[in-house]
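Colleague: First residue of the sequence shown? That's 306 in this note's numbering, and the numbers climb one at a time after it.
Bear in mind the hints are in silico, worked out from the structure with no lab data behind them. Keep in mind the model is a prediction, meaning the values are calculated, not measured. Check each hint, because a few of them may be wrong.
With a straight-line Cα cutoff of 27 Å, these simulated DSSO-like cross-link-like pairs (lysine-lysine) come out [to be verified]:
(1) 502 with 520
(2) 432 with 520
(3) 458 with 308
(4) 512 with 389
Have a look at the derived ranges for each label pair, beta carbon to beta carbon [to be verified]:
(5) 528 with 423: 54 to 60 Å
(6) 330 with 491: 15 to 21 Å
(7) 452 with 522: 44 to 50 Å
(8) 528 with 450: 32 to 38 Å
Note that beta-carbon positions come from the ideal geometry of N, C-alpha and C, so glycine has one too.
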Amino acid sequence: MEKFNQELLTYLEGFLTENRKEGFLRVLKNRTKHFTIAMEDVYQLHNTSAVMRSCEVFGVQELNVIEQKFGKRIDSEIAMGAQKWVDVNRFNTVQSCIDAKRAQGYQIIATTPHNDSCMLHEFDITKPAAIFFGTEKNGLSEEVIEQADGFIKIPMVGYTESLNISVSAAIIIQDITTRLRQSNIYWQLTEEEVLEKRLDWTRKSIKDIEFIEKKFYEIKESAVK
306 MEKFNQELLT
316 YLEGFLTENR
326 KEGFLRVLKN
336 RTKHFTIAME
346 DVYQLHNTSA
356 VMRSCEVFGV
366 QELNVIEQKF
376 GKRIDSEIAM
386 GAQKWVDVNR
396 FNTVQSCIDA
406 KRAQGYQIIA
416 TTPHNDSCML
426 HEFDITKPAA
436 IFFGTEKNGL
446 SEEVIEQADG
456 FIKIPMVGYT
466 ESLNISVSAA
476 IIIQDITTRL
486 RQSNIYWQLT
496 EEEVLEKRLD
506 WTRKSIKDIE
516 FIEKKFYEIK
526 ESAVK
């Protein structure tokens, strides 16, 4: 399958400019799945879109959206195209998201001013982690708090005790990804993951992709005959 995908990618890349192809490679060098972000039942649509944008800007490839109460589409205007470059995993329940992330080897980290929270700059970046953010009004649910492997909070010295969720996410994502890239940890995508995303992004960049892919399959079939 990998050989086939490489052949398909080579064919499709013939419809892209060199700048486009080089851009994909440059961006993917800085993409990571070492960290993933999870958002729990965020009511304000623009907050989900803004967090997606932060993931894209700082190189986090996957965003997990829990829609147990509020089923919302991504606000493309605020995401500003980020939905094309970030993988969004949707979950109907908090538990299904937690279970899926654990199965992938992530520790569950809750963002909360919990008494046992560690400060952002003290957070151990060596282990793969799913960082959970809660609702605007109530924060994270007890379901996440009770099952969390650790807690993290942003140091604040003013009177205000909390930040908007999209602001909090941006601060945390920027901090942990910057430290990650300055470390000796292997945080990059695998070769297989890079190939998968190059193919995905190339498809999204070509008009009439179904017609063009059909031509590729016809060429492959004629070569076999």
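Colleague: All hints are to be evaluated individually against the structure, with a verdict given for each.
Modeller: To see whether the hints hold, each was checked on the structure:
1. Note on residue 502 and residue 520: the hinted pairing holds, with a Cα-Cα distance of about 22 Å set against a maximum of 27 Å.
2. Of the supplied pair hints, the one linking residue 432 and residue 520 is violated, its CA atoms being roughly 44 Å apart against a limit of 27 Å.
3. A threshold of 27 Å between alpha carbons decides the hint, and for residue 458 with residue 308 the separation of about 45 Å lies outside it, so the pair is violated.
4. Taking the CA atoms of residue 512 and residue 389, the gap is near 14 Å; set against the 27 Å cutoff, the hint holds.
5. With their beta carbons about 58 Å apart, residue 528 and residue 423 fall inside the hinted range of 54 to 60 Å.
6. For the hinted restraint 15 to 21 Å between residue 330 and residue 491, the CB-CB distance of approximately 18 Å keeps it satisfied.
7. One distance hint, 44 to 50 Å for the beta-carbon pair residue 452 and residue 522, holds here, with the actual separation near 46 Å.
8. In this structure the hint that residue 528 and residue 450 lie 32 to 38 Å apart at CB is violated, the actual value being about 57 Å.
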